[in-house]
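Participant: Given the coordinates of chain A, work out where chain B should sit on it, guided by the hints.
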Amino acid sequence: MQEAHVQAELTQNLKEDKAKQTRAYWIRVAGAIALLVIIAVLINVASKGSFLEARNIINVLRQITYGCILAVGQTFVIITAGIDLSIGSLVSLSGVVMATFANAMGFGGVPLIIATLCVGLALGAAAGFVNAVPVVKLNLPPFITTLAMMLIAEGLSFKLSHGSPIPLNSPDFQSTGIGFFLGPLFSSLHLPGIPNPVIWMLVIVVGCSILLMRTKFGRYVFALGGNEEAARLAGVNVGRVKTMVYVISGMCAAVAGFLLMALFSSGSPQTGTGDEMLEAIAAVVVGGTSLMGGRGTIVGTFFGALLIGMLYNVMNLIGIESYTQKIVLGAVILLAVVVDELRKRYLRKA
Amino acid sequence: MRGIGKSFPGVRALDGVTLDLYSGEVLALVGENGAGKSTLMKILAGAQPADSGDILIDGKPAGITSPRTAEQAGVGMIYQEFNLVRSLNAIDNIVLGYEPERGIFIDERAARERATSVFAELGITLPLNVEASRLSVAQQQMVEIAKVLSRHARIVVMDEPSAALTDREIDRLFEIIKTLKAKGTGIIYISHRLEELPRIADRITVMRDGRVIETRPMSQFPPDEIVRAMVGRRLDSHFPDLPDVAADAPVMLAIRDLARPPMVDGVSFQVRRGEIVGLAGLIGAGRTEIVRAIAGADVPNSGEVDIEGTILHARNPRDGISAGIAFITEDRKAQGLVLGMSVRENVTLAHLGQFVDRDLLINRAKEEDVTEKYIEELRIRTPSPEQIVNNLSGGNQQKVVLAKWLLGKAKVFLFDEPTRGIDVGAKAEIYNLMVNLARGGAAIVMVSSELPEVLGMSHRILVIRGGRIVREFSRSEATPDAVIAAAAGAAA
Chain A
1 MQEAHVQAEL TQNLKEDKAK QTRAYWIRVA GAIALLVIIA VLINVASKGS
51 FLEARNIINV LRQITYGCIL AVGQTFVIIT AGIDLSIGSL VSLSGVVMAT
101 FANAMGFGGV PLIIATLCVG LALGAAAGFV NAVPVVKLNL PPFITTLAMM
151 LIAEGLSFKL SHGSPIPLNS PDFQSTGIGF FLGPLFSSLH LPGIPNPVIW
201 MLVIVVGCSI LLMRTKFGRY VFALGGNEEA ARLAGVNVGR VKTMVYVISG
251 MCAAVAGFLL MALFSSGSPQ TGTGDEMLEA IAAVVVGGTS LMGGRGTIVG
301 TFFGALLIGM LYNVMNLIGI ESYTQKIVLG AVILLAVVVD ELRKRYLRKA
Chain B
1 MRGIGKSFPG VRALDGVTLD LYSGEVLALV GENGAGKSTL MKILAGAQPA
51 DSGDILIDGK PAGITSPRTA EQAGVGMIYQ EFNLVRSLNA IDNIVLGYEP
101 ERGIFIDERA ARERATSVFA ELGITLPLNV EASRLSVAQQ QMVEIAKVLS
151 RHARIVVMDE PSAALTDREI DRLFEIIKTL KAKGTGIIYI SHRLEELPRI
201 ADRITVMRDG RVIETRPMSQ FPPDEIVRAM VGRRLDSHFP DLPDVAADAP
251 VMLAIRDLAR PPMVDGVSFQ VRRGEIVGLA GLIGAGRTEI VRAIAGADVP
301 NSGEVDIEGT ILHARNPRDG ISAGIAFITE DRKAQGLVLG MSVRENVTLA
351 HLGQFVDRDL LINRAKEEDV TEKYIEELRI RTPSPEQIVN NLSGGNQQKV
401 VLAKWLLGKA KVFLFDEPTR GIDVGAKAEI YNLMVNLARG GAAIVMVSSE
451 LPEVLGMSHR ILVIRGGRIV REFSRSEATP DAVIAAAAGA AA
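Protein chains in written order, with our numbering: chain A, 1 to 350; chain B, 1 to 492.
Keep in mind the hints are simulated off the structure, nothing from the lab.
Certain hints may be false.
If you want the footprint, here are the derived chain B segments under chain A, 3+ residues with CB under 8 Å [as the list claims (entries may be wrong)]:
| hint | segment |
| --- | --- |
| 1 | 305 to 318 |
| 2 | 340 to 349 |
| 3 | 380 to 390 |
Quick reminder that beta carbons are idealized off the backbone N, C-alpha and C, glycines included.
Chain A on its own, in the form it takes in the complex (with noise of 0.2 Å):
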């Protein structure tokens, strides 16, 4: 009897305690869309009109493309309380090397365009994994191992590329970089459709979502964020997990590195800058995921690298300067991330 009632208790704490956290959850989620829909509105009227029209808002969207697919895979990285730096650089380089590749290539069409994102992604899993090596063999903190590899990846590009964007002689990527989804749905509103590239930044979001919430992987990165040395003790293999997040952000690199080559319709050595990984890192803690570890999630980066993209867009309709720009982006962050910090000590309260 007793232990029913134990039973039936703990299943029914368990009903509610999974209601709350996913009411929490959407609350969070609302939460955010409320914040950038009454941004989105002010901003609308203060751009007269011109922020939420639908060209606009594809083009929000087309423009976080990039930074977001970067910020997805820093958000791995900064839950194992690490960082990456190189990432900006790895843009380059694998636009670079990508180019390159399929200038060399004889065939053209759908084979071109695979064989040349798996050389990129190759390339980007590479120097992750160059990144992590020092990082668990020896302990070294990744700001050293990835600054090291900021500064390796933009010289190299810079030399296979002797400083100037290589064009793509096949045309064969245009579809990729600047095609649009599901056109002939959004002809009748007077729109192309959805930019190719936003589907990308979509797929990656989702995927790499579900890899970090429901799977093995997942939860071990988080593990490791929050206690190593337990995670290790209870056999997780903490130097594969470490190195895989670090792969992962490699190849995200290389991804957005092959949209903006496809974009431009070549590889230019000057596509990633530190701006780039700076505004990704961004991204990610606007987000919500603690630098200390263990905390975080994709959704949160997608929102984060949202928030920072509209601020942007906004700030170009209504013309205000790139030197204003880089003082309103920086209070902003500080701000996303203060209130943030009250809101947990609010509810640790509570």
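Facilitator: Here is chain B on its own, set in the frame of chain A:
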């Protein structure tokens, strides 16, 4: 120190302790692990506030509220693990916080003079321009002593100063202590090594369970009476009956010449099916290091770990787990749990593979079912499997750790201080669980610093000292006095 009291959540660490120290004497402070010596000394050094009581120096309130004010009152503390900045040299360490200045610069010459004059006073020579991390342990200790003296300490507390020293270095240390005495400094000397006390101590104070039991002049305190005062008469019997181990029970775990210098120095023993073997010893004796080497948490340099005839070459904890070892660590917060994760996530962490479906996703419903089962079985007091473990009490956290390892159906269980810091009720439940595991045919090794626990919960007791097994007791032979004497190295 008059009527010092101190409580931690759930523990009364000090209960009205009164202690006198005269100038120019060495007062030895002895007691079992957890008797309250360190807490008392931390209060004297201002590292922790007392809940009640006063500290008087020369009959006046000393006004000790922080390490800084303690220093100014003339108290110098030399911790066992030292407090040197490892990347600074001896001179910089000695003047740290009290740097002589000339304008905005540190007056290097004055600093050097201050350091060398203290060393000269003590008759010590050591390299002054070398990073502290490159000095030997004995040299680091001398820097510590010089540091407190340069701050005009009149009361010097030394916590286990001889623990890491060779015999020659100890002789040297005792000479320095004599120099200090001659200058009128009062010294409180904490030690587990009873055999060295006649050489150095003037009086001995024995502490137990947060109280001072007895203080006598050294010459009137024979070793066997010291041991008796340390142990007391308090072997409470809330331990369950241990199941008998059949004489022909097969050996499940065999350790042969296991070594991992400096803390594990050639250890061999066997554990049979259904047997609980207790590892007794003082803190720093190498017990934890032995079980860590068995589990693969540290990789042993040499020796064999044999589980049911199969030799385990563990290079990491993973290998140990797949060979059937469960290692319940002593520090559950730092090593046993991911505090920010839920009960469910912690319980399944070590065996997550059991919960992965064919689609490679974790089956959360299955995780919940299993976690609920263990919550009931072990009576983990948590509102639900989704509770974050940081919010649970110590006893319930420990049960979460146990559930994590029960899930794996391990054959060998290594418990390191399984009941440290948890309440009596939870302790009894954990003892029952250990007995059930033994009954089910597991081999159990338990490290414990609580003497009653070792005596009450072990079929056999191995006493560890200096990384080696120095004595073995059967359950019937083991008495508190004999085990303590063996652990402290006193001739029994």
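Participant: None of the hints should be skipped; say for each whether it holds.
Facilitator: Verification of the hints:
no. : hint       : verdict
1   : 305 to 318 : holds (count 3)
2   : 340 to 349 : holds (count 4)
3   : 380 to 390 : holds (count 5)
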